[in-house]
Structure formats: structure tokens, C-alpha cells
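Chains as they are written, first to last, in my numbering: chain L, 1 to 125; chain X, 1 to 528; chain Y, 1 to 139.
Check each hint, because a few of them may be wrong.
Said to hold, decoys possible - Cβ pair distances, simulated, as ranges:
no. : chain 1 : residue 1 : chain 2 : residue 2 : range
1   : Y       : Val106    : X       : Lys53     : 37 to 45 Å
2   : X       : Val67     : Y       : Pro11     : 22 to 30 Å
3   : X       : Phe251    : L       : Arg27     : 43 to 51 Å
4   : X       : Gly487    : Y       : Ala61     : 44 to 52 Å
5   : Y       : His29     : L       : Leu65     : 37 to 45 Å
6   : L       : Pro122    : X       : Phe440    : 18 to 26 Å
Hints were generated in silico from the structure; no laboratory data involved. In this text, a Cβ means the ideal position worked out from N, Cα and C, and glycines have one as well.
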Amino acid sequence: METGLSVLIGLFFAVSVYLMLSRQLVRILLGIAILGNAVNLLIFTSGRLTREVPPLIPEDSYHLLVETANPLPQALVLTAIVISFSFFAFLLVLAFRAYQELGTDDANEMRVAEPVDEPAPPQGY
Amino acid sequence: MAGVSLNPELVAQSMNTTPVTLGDWVVIAPSILTILGGTLCLMTRKNMSLQPKIGIGFLALLVLANVALLARVIDRGVLTMVMGNWLPPFGIAFTVDALGAGLSLVASIVAFCTGLYASVSVDGTGRRYGFYPFLLLMMTGVSGAFLTGDIFNLYVWFEVLLISSYGLLVLGNDRAQLDGTVKYGILNLLGTNLFLVATALLYGLFGTLNMADLSQKVSAISADQAGMLSTIAALYFLAFAMKAAAFPVNFWLPASYHTPNIVVSALFAGLLTKVGVYALIRVFVLIMPAARSDLGDLIALVAIATMLTGAMGALSQGEVRRSLGYMIISGIGSMLGGIAVGSTLAISGAIFYAAHSIIVMTALYMAAGILRLMGGSYRLRDLGGLYAASPAFAAIFLILGFAVSGLPPFSGFWPKIMLLDAMLSSGRVWVATALLVSSFLTTIAIGRIWIYSFWRGGPEGTADGTAIALMPTDKALSSPALWVSLGILTALVIYIGLQPEWMLQLVSRGASGVVEPMGYLRSVFGGA
Amino acid sequence: MRTIIFRTVAPYLTALMVLFSIFVLLRGHNEPGGGFIGGLIAASALAIYGIACGVAPVRRAIVFHPMSISAFGLFLSALAGLPSLLLHQSYMTSQWISFPFFDVEVDLSTPMVFDIGVYLVVVGAIASIALALEERESD
């Protein structure tokens, strides 16, 4: 099971890297969204896939009676999902605004902050 | 749950039962104060005159909390508080040593000064769109990152400071800002994702996320796990180098740092990259020292390249803010050089340099803001004759310039001496040479800015020698907040330069605390 | 989108969803649910109301600006960790009080306050994004 998921994670990473190497902002953002999911799956798999039983202790006992799922990676993944979701939402709005203002979604053409034809610095003292 | 009676024996095995005194709460105070202050500011953001009052008030409280925290750490040694009373390594631990508390204090002083400066330079719209809330929430992230003892929690604090920094960076919605933020945003998010990948693999390998616990488990690693560990170390190095803007992943910094309001640039210049350096020290010196010595040559190479790129970049720019941006990068290279050597002296030097760089880079950007108010531009071609306008400001700028290039008697001198000493005694001659060359180039670069904007008669086009009557009229210049905030930082630069002893003691304490983490481990696990 | 059926149903649907979100929030301690998912349900309720009747009525209905709601939630969550200060325990240690209310034993706790804070953060943050996007669509 871990092997299968590892292959899937590798696939996710490959797709996200391919998308992020693109010049279009939208593709880069999709790449980032997929990267976030790849990392989440990686955390989940790092915690080992045990049983699909929730880790709850029965009321009349003080320890787990059967082998259960590892709850910690799920908590970590939940945190990471919330974070990557909010970042994705922010970047989406940002990219939209940048597209409106700059008139392009090509990373190579976004040269407002670092203009191509900047005058040379003064020479000498 | 209230209804169920718990077996006290089992509770004692899983939870901390010793009472936590009021004094221990200073560990968490910086984070709580900034969250409370930030949210209060956000709730009242329609009231624009109240914003700076709440913001600066809470930043002052933050400085006080950090002073109390550092005093307590010096008095009692490393402090630990595990959230929710769980026993480590299961609860999320805040573990504060001299390194974390010291940097947190310096960061809070700088944040206080930027808050003060912003009360003049950030206008009503900036305040309404949430300058102060973002500033305070960013400080939550920065203090949390310096104080936490849990590596996943470190990731969370990184994200907190990152999302607030996005907010600060686009504040104003200028075209150049949007452009800069797109690059800053995407590359930094990539960096934190790499950090998370490395953390996931680390968790898979050791099953724990507590730094002290990791430090113990990594030192007892078996041979077949060592390969995996060096992969993780390389990932961490790439992730944090990206946050710290080390060569060759530094390009987001010069692309974005000159776009926002100058006070935001000043804040970022001081704090953000140094959090990356701090994380490098934490991970490579405290948690996996063996991986650091394996990667030593690579780190040294990156350090040399970073120092030289930064220094030459600073020299090649015709715009003050962008030139300063490259000087940040050059400083990061010096700190990486210290991490590459890894001895207690080298780490002390790196920590000292980080503290110095936080103060001096923020002060320089603030000074650049005042330069703009006086001369009307950031471009060297359009500046000139400001010495006549204000000799005192020219002197302040020159002091800061000497400090950033490492000339005595200011704060940049001592860390460079320590780093050089450590590099030469460990045989890393090339790193030492690069450090000297980059200092020399930085001296020329900052000297050039000073000569062009202050010393020569007037802007390009005016005949040399005829000082034009440059009488700055901007009324913001007469407001004391600008000068007080710049003055505090400049005074610190001079004071540390003239009286370095207490700082030397503090940083060597911080460095030996991570190089030999006995105190750190004892604080987390208690007893023994 | 603004058909007469949708516009008639939307207010009731929104009210029901907000009610349901509070139910999900409160059962969250021991059962599946909690502040985050409850907040998402409430935010989507507001989004539906916004689609049906326009953004301005939604903003009027929630009185405060969504970001202020979000900020209040974060404030509440941070405060929820503080009561343990008085009992000499670490930050975020949960405290419970329990009292009989007619025939039912009611448990109140700091985790519940924290969860309500999370609920408000999520409602505020998601609603502010959703309302901003809906507003842009209309002009």
C-alpha cells in the first residue's frame, strides 16, 4: 500500500514540477496546488498506513484495544491543507489582480519591478 | 472530560503535573501578545487614528516581554513549556534558549522601531488595509519561529509570517508591487513546501517532531538510515537557503524588496531572511550536526557565491533600495560561512552577525526612506547635495554604511572578526577571502551611495561644486517619529560597536547552547 | 442564477444551513464535526444568500465586516488558552466546568471557546473571499 502511494506521490511531484516550469502564471499556480497535495500525501504516507480504525479509547478502558490509524499525520495534514488552501486562494486573487494590472500572465514579460531598459548606474565617482 | 474520572497514575504518565508559575508564561507571551494586538487592530481598522496607538503599544509590550524572557533565560537556563500540559515529546513544545530569546528580542526592538516609523510613512489607506494588524501578526510568526521547540510548529510559524508578509507586500496595490509579490509569493511558498517535504520525511524516519527528541534520535542513527538523513538534510538546506536568499535561489529578493512602502522593505530586510538563517542554525547545528559537517563544503561554496553575488550586485545598482537588497544577500553569505565552519566560535559569529544585520539593514532602509523624502528620489543619478541639507543625517548614514561593511568601531566589526578567526583556524581560507573581498566591495558600494547622494554638489546635470539649495520641504521630515526610530537603531549600532562584551557573552552562550545541546535536552525532558 | 424559486428558497436555506453549522460546531468535541467544518458550512450559506439576493444584503445581515469577524475569532481562540494561567498550568490546557441544566448535565470548556473562535475565523475569512469574488462578478 505504501509503495503504491509512493508512486502516486512521485507522479504528483512530477506533474507539479512540470507545471511550475511553465511561463504562464495559471499553470504555475496549478502546479503549486498539486505540489501542496503531493506534500500532504507524503506526510500521510510517512506516518505509515496502519488500520482504518479511529484511535479512540473506549470509555471503560485506559488504552487502545486494537491497532488503530496513526492520528498525528492526519492532524499535520489537516494543518497543511488549511495553510495551502489559504495560500492558494491568496495567490489566485493575486495572480488575477496582476493579470488585470500588468496585462500579461507570462512570467517573462512581468518586468515592472525590474525594468529591462533601466538606465545604467552612474559611472565613476 | 468532566464526566469521566481519570486515573491519576495514568495522568501523571502522560501529563505535566508540576505547577507552571506565572514567570514561565513569558515563554509564550510574545506570541500571545502579538496575536491579541493584531486582532484588536484588525477589529478596529476603520478607526485610523487608533491603529498606530494600539500597534505601537502592543509592540512596546512585545519588547518588554522579550526582555523579561531573555532575563529569565540568562537566569535559569533553557525554558520549556509544552502546550496543553502534555509531556514532551507529545505536546507542542516551546523551548527557549539564549539564541532564540536573543534574536526574538532584537527582532521585537526592530519591529517597534518600524511601527513607530510607519506612524508617519504609512498613510490612511495603508492603515485601513491593515498595516498594523499584518505587522503584529508577522511578529507572531517571527517570535513563534524563534521560540518554538517543535519542527512542524516551526513550519506553521513560517507560514504565519509568510502570509502576513504577503499582505504587507501588496499593501497599496501598485503595479510594481503586484509584480514583485507574484515572484516573492510563489518562490517563498515553494521554499516552505520543500521545508514541509523534508519534515514529512524526517517524521517518517524518526516518528517525532520535537527538536530535542530529534536531536537525540539523530545522534543514535543506524548506518542504513544515514543515506535517507543526508537527503533530508539537503532538502532542508535548499528550503532554508531559499528563505534566506542564498545564491543561487536568491532572485526573489532583489525582485521584490524594493517595491513596497519603504517601512515594509525595512521590516523585511531586517527580519525575514534572518529567520531562514536561524532555522538553518537550529536544524543543522542542533538537530543534525553530522549532516552539517557532511554538507560543509557545499555550504561553504554557497556562502562564497552568496557573498560575492551580493557585494557585486550592490555595486552594480543605480537605485538605493535595490543596492541595499543585494547587501542583505551579501550578509546572508557571511552567516552561511559561519554555519559552514560550525565551531562554537563560528556559530557565535553567525548569530552575532544575524543580530547586527537585523538592526543595521532595517536602519539603512529607514535611512533610505528619509533620503527619498529629502532628495525626492531613490536613484543615484537624481540625488546629490544632501550633506548641505542635513549634515547630521549624512553622519548617521555614514555610520550605518560603516557598520554594514564591517568597519570599526561599529556593530558589523565584531561578528566579522569572529567569523574570520573561526574560518582561518578551521582552514577554510577561501571563505575567509570571500568575506574580506565582499566587505571591501560593500564598503565601495555603500561609499558610492553616500558620495553620490550626500557629498557631491547636486544631482546629475548640475555643475559640480555648485551646491544647489536643496531645502527639503516635506513636512513628514519634521515629525520626530522618523528620527526617533532611526536614532534608536543607530544608537544600538554604535553601542554594540563600542561595548560588545555583553553581546559577545550572549552569542557565545547561544552558540554553545546549540553546539552542545545538553541544557536544551535537559530542559525539555527534565531531570537527568 | 436569480430565478424566483432560488430567491424565495435562499433565505430559508441560509437560515437552516447556519443553524446546522452551529449544530456541527457544538457536537464537534466528541463526534465528527467542529469549528472548521462548521465555519465552512456557514460561509457557504452566506455565499448562497449572496448569489441569490446580492452581496449588499449579506453584508447588512452579518453587520460586521467579515475580516473583523475573523479577527474576533482569532482573538477568542487566543484567549481560550489563558484561563489555565490562573490554575498554574501550561497555555492551552483545557478547563472544564459542568453544571446541571434542568435534567441535562451541561459541560462547558475552553476547547469549546477555542472551537467557536476557529468557527468565526473560518466564517470570516471564507466569507470575505467569497463575497469579494461575487461582487466582482456583478460589475
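Hint check:
no.	hint	in the structure
1	Y:Val106 <-> X:Lys53: 37 to 45 Å	holds (41 Å)
2	X:Val67 <-> Y:Pro11: 22 to 30 Å	violated (54 Å)
3	X:Phe251 <-> L:Arg27: 43 to 51 Å	violated (20 Å)
4	X:Gly487 <-> Y:Ala61: 44 to 52 Å	holds (50 Å)
5	Y:His29 <-> L:Leu65: 37 to 45 Å	violated (22 Å)
6	L:Pro122 <-> X:Phe440: 18 to 26 Å	holds (20 Å)
Violated hints, in rising order: 2, 3 and 5; the structure is consistent with all others.
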